[in-house]
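S.K.: So the protein lines, in turn, are chains F and Z.
Counted the way my numbering counts, the first sequence spans residues 1 to 260.
Counted the way my numbering counts, the second sequence spans residues 1 to 223.
Simulated from the structure, these hints should not be mistaken for laboratory data.
In this text, all values refer to a predicted model and were calculated from it rather than measured experimentally.
A portion of the hints provided could be inaccurate.
Stated by the list, open to error - Residues on chain Z that point at chain F, a partial pick, calculated with CB under 10 Å:
| hint | residue |
| --- | --- |
| 1 | ALA6 |
| 2 | GLY8 |
| 3 | TRP12 |
| 4 | GLU18 |
| 5 | ASP23 |
| 6 | LYS80 |
| 7 | SER82 |
| 8 | GLY85 |
| 9 | LEU87 |
| 10 | LEU88 |
| 11 | ALA95 |
What the hints assert, rightly or not - Computed cross-link-like contacts, BS3-like style, restricted to lysine-lysine with a CA-CA straight-line distance of at most 30 Å:
| hint | chain 1 | residue 1 | chain 2 | residue 2 |
| --- | --- | --- | --- | --- |
| 12 | F | LYS125 | Z | LYS22 |
| 13 | F | LYS66 | F | LYS125 |
| 14 | Z | LYS181 | Z | LYS80 |
| 15 | F | LYS125 | Z | LYS181 |
| 16 | Z | LYS80 | F | LYS14 |
| 17 | F | LYS66 | F | LYS14 |
| 18 | Z | LYS80 | Z | LYS22 |
| 19 | F | LYS66 | Z | LYS80 |
Said to hold, decoys possible - Footprint (simulated), chain Z over chain F, 3 or more residues, beta carbon under 8 Å:
| hint | region |
| --- | --- |
| 20 | 45 to 58 |
| 21 | 82 to 91 |
Even for Gly, the Cβ is constructed at its ideal location relative to N, Cα and C.
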Amino acid sequence: MIELRKLTKAFGRKIALRGIDLRVAPGESLVIFGPNGAGKTTLIRILSSLSRPTSGAVHIGGLDLKTHADGIRRHLGVVSHAPLLYDSLTADENLRFFGRLYGVSDLEARITLLLEQVGLAARRKDLVRIFSRGMTQRLSIARALLHDPEILLLDEPDTGLDPQAAEMLHRLLADLSGRSSASRMGSADLPSNASGASRSDANNIARTIVTVTHNLERGLALADRVVILANGRIVYDADAGDLAASELRPLYDEHVGGSR
Amino acid sequence: MTFFAAVGAILWKDIRAELRTKDIFSSMFVFALLAVIIFNFAFELRVPDMKMVAPGIIWVAITFAGTLGLNRAFVIEQEKGSMAGLLLAPIDRSAIYFGKMLSSLLFMLVVEIILLPLVMVFFNLALLTWQHLLVLLLGTYGFAAVGTVFSGIAVNTRAREVLLPILLFPVVLPILIAGVKMTGALLDGESLSSLSNWLRLIAIYDVVFTIVAYLTFGFVVEE
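In isolation and in its complexed conformation, chain F is listed as follows (with noise of 0.2 Å):
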């Protein structure tokens, strides 16, 4: 469980986030959208305790972020729009010196597998400098993945990619979330081995997931409930259901169109 009471956020002047509350349930995905500058990195960012709050509180776990940052991240799994990689090292290198800082048990066993997973497994001894960003961004999963956290944090993965990696990563993640994406998206150009492979292990995991995107159609299908970020405040929150993107488009524009 995700709790956030009265959360707020300043930098000098400017107020990222204004009195948050919200709590998101165990294996529950939930799609944060809104557009830029309405706080979605700075939640991030607060949740994967890479920053503190100005006031306000967040529980995770039923722990107190403030006093068990150390004990927190051990569950968390976290993929930026940077790759919070080594461009010096290989993919193996990557993995194995996150793995170490984890205490990841078999390390070896898992690497292989999560390299499988995200379609990477015959780019293992390659340098992350000669990757493309899609490649980056799936050895980023893997990373995330490494110590098998109960909760991911995903802040706009797909930054950067085009249309058809975005897809791919995607769909990635949705199935690693063991969610199957084929009910709303388009066609399957995932690497051979990545869909089936990570599905298994993901069925057995039901992890929470918190994602921020600009994208509506691709954070839908994610999604399990929809959060609408503007201005530092929840404005729309509401559980994905059969929400259509057809449907969040004009319910998105409604709600943040005076802050854009």
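Keeping the supplied structure of chain F fixed, place chain Z upon it in accordance with the hints.
M.R.: Just chain Z, lined up with the frame of chain F:
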């Protein structure tokens, strides 16, 4: 994951990356070598005995080259957001400090070990003695201990290349003075035991700043 395993992992990662790119080593070594060569030509016409200026030249070259290396060490962490990757790991922030500090120390020592024989040739001085190496080790440790903290502060600013020396040089002045005094005295034939006050100063500096860095680094890297 134990504290020491985390430090070891970060040190391993930095060594691995540096062996591949040689970014930090090459910039530090080329800068230090050029500094020594330029000082050599600048002073040799007017200074009767290079032994008089050699200690200062060595320590200035090490200080400036070390600053370059410290800058680079954290810039690498920022380039692909990998510093955030480190901060997300369930490890004590001070493990990040010690990992980065030890890698900077190692790279500086490697540069010094290669630079010293060249300085000996340029200035015709005997510098490869255990006493000289001990002084260099203690001084370089103190420099890396303080420099890693300031580099962590400077890297988040726009003017990081300028800010690091502005923050660092006043604080490492005791190391520079003690290093020059001891290197000069050893070149003059004094024994290490006669320099015990300087040695004590540099050792206390190293211990104090290691503790201060250990206690403060977590605040330095957090937003």
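S.K.: Does each hint fit the structure? Answer for all of them.
M.R.: Consistency of the hints with the structure:
1. ALA6: holds, 6 Å
2. GLY8: holds, 8 Å
3. TRP12: Hint on TRP12 of chain Z: holds, closest Cβ of chain F at ~7 Å, below 10 Å.
4. GLU18: holds, 8 Å
5. ASP23: holds, 8 Å
6. LYS80: holds, 5 Å
7. SER82: Interface hint status for SER82 of chain Z: holds (5 Å vs cutoff 10 Å).
8. GLY85: GLY85 of chain Z check passes; min Cβ-Cβ to chain F is 3 Å, inside 10 Å.
9. LEU87: This interface hint holds because 6 Å falls under the 10 Å limit.
10. LEU88: Holds - the Cβ of LEU88 of chain Z comes within 10 Å of chain F, reaching about 5 Å at its closest.
11. ALA95: With a minimum Cβ separation of about 9 Å from chain F (threshold 10 Å), the hint on ALA95 of chain Z holds.
12. F:LYS125 <-> Z:LYS22: Holds, because 19 Å separates the two Cα atoms, which is no more than 30 Å.
13. F:LYS66 <-> F:LYS125: Violated, at about 39 Å.
14. Z:LYS181 <-> Z:LYS80: Distance ~42 Å between LYS181 of chain Z and LYS80 of chain Z Cα, so the pair is violated.
15. F:LYS125 <-> Z:LYS181: Between LYS125 of chain F and LYS181 of chain Z the Cα gap is close to 49 Å, so the pair fails against 30 Å, i.e. violated.
16. Z:LYS80 <-> F:LYS14: Holds - the C-alpha atoms of LYS14 of chain F and LYS80 of chain Z are around 26 Å apart, at most 30 Å.
17. F:LYS66 <-> F:LYS14: Between LYS66 of chain F and LYS14 of chain F the Cα gap is close to 22 Å, so the pair holds against 30 Å.
18. Z:LYS80 <-> Z:LYS22: holds, 18 Å
19. F:LYS66 <-> Z:LYS80: Given that 30 Å is the threshold and the Cα spacing comes to 26 Å, the pair holds.
20. 45 to 58: holds (count 6)
21. 82 to 91: holds (count 8)
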